[in-house]
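Protein chains in written order, with our numbering: chain A, 176 to 254; chain B, 84 to 255.
Treat the hints with care, as some may be off.
A few chain A residues that face chain B, going by a derived Cβ cut-off under 10 angstroms, partial list only [claimed, not checked]:
hint : residue
1    : 208
2    : 214
3    : 235
4    : 236
5    : 244
With the Cβ distance kept under 8 angstroms, some of the chain A side facing chain B (calculated, not the full set) [as the list claims (entries may be wrong)]:
hint : residue
6    : 183
7    : 184
8    : 186
9    : 187
10   : 189
11   : 191
12   : 192
13   : 201
14   : 215
15   : 217
16   : 219
17   : 220
18   : 224
19   : 226
20   : 240
No lab work stands behind these hints, which were simulated from the structure alone.
The C-beta atom is built at its ideal place from N, Cα and C for all residues, glycine as well.
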Amino acid sequence: MSFARCQASVALGTYVLGAIDRRDRAEFESHLVHCVVCRDELITLAPLPGLLSRLTLDELEAASVIARSPHQGHGRGTR
Amino acid sequence: MPPGPANDDDALRALFEQHAAPLLTFALRLTGGDRGRAEDVVQETLLRAWRHRDALADTRPVRPWLFTVARNVAVDGFRARRARPTEVSDDALAVLPAADEIEQALDHWLMLDAMSTLSRPHREVIAETYYRGRSVAETAEVLGIPPGTVKSRTFYALRALRLALEERGVTA
């Protein structure tokens, strides 16, 4: 595994999945404007949410890829 | 690759030894566990690789190419059987999915397979952030890890997923 060449890049994961906190998002978007390392990385990760949307949480749980949550989730993937 | 029948034999044997087993595992999923058809897919895939061996010599790594070919061979197989009504009854034809649906089913399976190769911590953060729609703070609380770890783990989880998809010939 190669490691990030910009320390801020780790925010990209939660950023593309929409989980990043609002304040962090604003801060990270300002960073993206001038960081070519993060922008390049963003391009490679950006298609993943669309690919993840082909699976539902129910299917992933049924296939034991994801453990059933003891908490009631109301998130995506239960379409 | 040096010419000559002896070298050709060695190269063909090497191709089978290196790739036949993982390709069969992959093909079995593509054919829904039908071993006969899976073996046909593997044979056809390796045969095509053999025909293109000169071009393939410059392709590294070879396996994503093989998986892509296997996937296409499997799709062609689905279509060929659909086009030959002598092999299936009308009832069976009626329930067979359309070509697009077959593609979707294969993509669907490839995604599931790629996800299953991720480590459990990686699968967990994707489950909480994406599928359960939780924020970084909520995910940190549910999983009992610091928010910073949620962030970095999600990032490396997505990188691992991207790599797993690339290995399966899925290039976004």
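Hints, verified against the model:
Taken as an interface hint, residue 208(A) does not check out: its beta carbon lies about 19 angstroms from the nearest beta carbon of chain B, beyond 10 angstroms. Given hint, residue 214(A) at the interface with chain B, is violated; its Cβ is 15 angstroms from that chain's nearest Cβ, farther than 10 angstroms. At about 7 angstroms, the closest approach between the beta carbon of residue 235(A) and any beta carbon in chain B falls short of 10 angstroms, and the interface hint on this residue holds. Hint status for residue 236(A) relative to chain B: holds, with the closest Cβ pair at about 9 angstroms, below 10 angstroms.
Interface restraint check for residue 244(A): the shortest CB-CB distance to chain B comes to about 7 angstroms, inside 10 angstroms, so the restraint holds. At a threshold of 8 angstroms, the smallest CB-CB gap from residue 183(A) to chain B is about 10 angstroms, leaving the interface hint violated. Because the closest C-beta pair between residue 184(A) and chain B is about 7 angstroms apart, less than 8 angstroms, the hint holds. A distance limit of 8 angstroms between C-beta atoms decides the matter here; for residue 186(A) the minimum to chain B is near 6 angstroms, and the interface restraint holds.
Given hint, residue 187(A) at the interface with chain B, holds; its Cβ is 6 angstroms from that chain's nearest Cβ, closer than 8 angstroms. The interface hint given for residue 189(A) holds, since its Cβ lies 5 angstroms from the closest Cβ of chain B, which is under the 8 angstroms cut-off. Interface restraint check for residue 191(A): the shortest CB-CB distance to chain B comes to about 7 angstroms, inside 8 angstroms, so the restraint holds. Because the smallest distance between the Cβ of residue 192(A) and any Cβ of chain B comes to about 5 angstroms, under 8 angstroms, the interface hint for this residue holds.
The restraint placing residue 201(A) at the interface with chain B is violated, with a minimum CB-CB distance near 14 angstroms, outside the 8 angstroms limit. Proximity of residue 215(A) to chain B is violated relative to the hint, the smallest CB-CB distance being about 13 angstroms (cut-off 8 angstroms). A least Cβ separation of about 11 angstroms between residue 217(A) and chain B goes past the 8 angstroms threshold, and the interface hint is therefore violated. Because the smallest distance between the Cβ of residue 219(A) and any Cβ of chain B comes to about 6 angstroms, under 8 angstroms, the interface hint for this residue holds.
Annotation: residue 220(A) was flagged as interfacial toward chain B, and the flag holds, the nearest CB pair being 5 angstroms apart, inside 8 angstroms. Proximity of residue 224(A) to chain B holds as hinted, the smallest CB-CB distance being about 7 angstroms (cut-off 8 angstroms). About 6 angstroms separates the beta-carbon of residue 226(A) from the nearest beta-carbon of chain B, less than 8 angstroms, and the hint is met. This hint holds: residue 240(A) has a C-beta 5 angstroms from the nearest C-beta of chain B, less than the 8 angstroms allowed.
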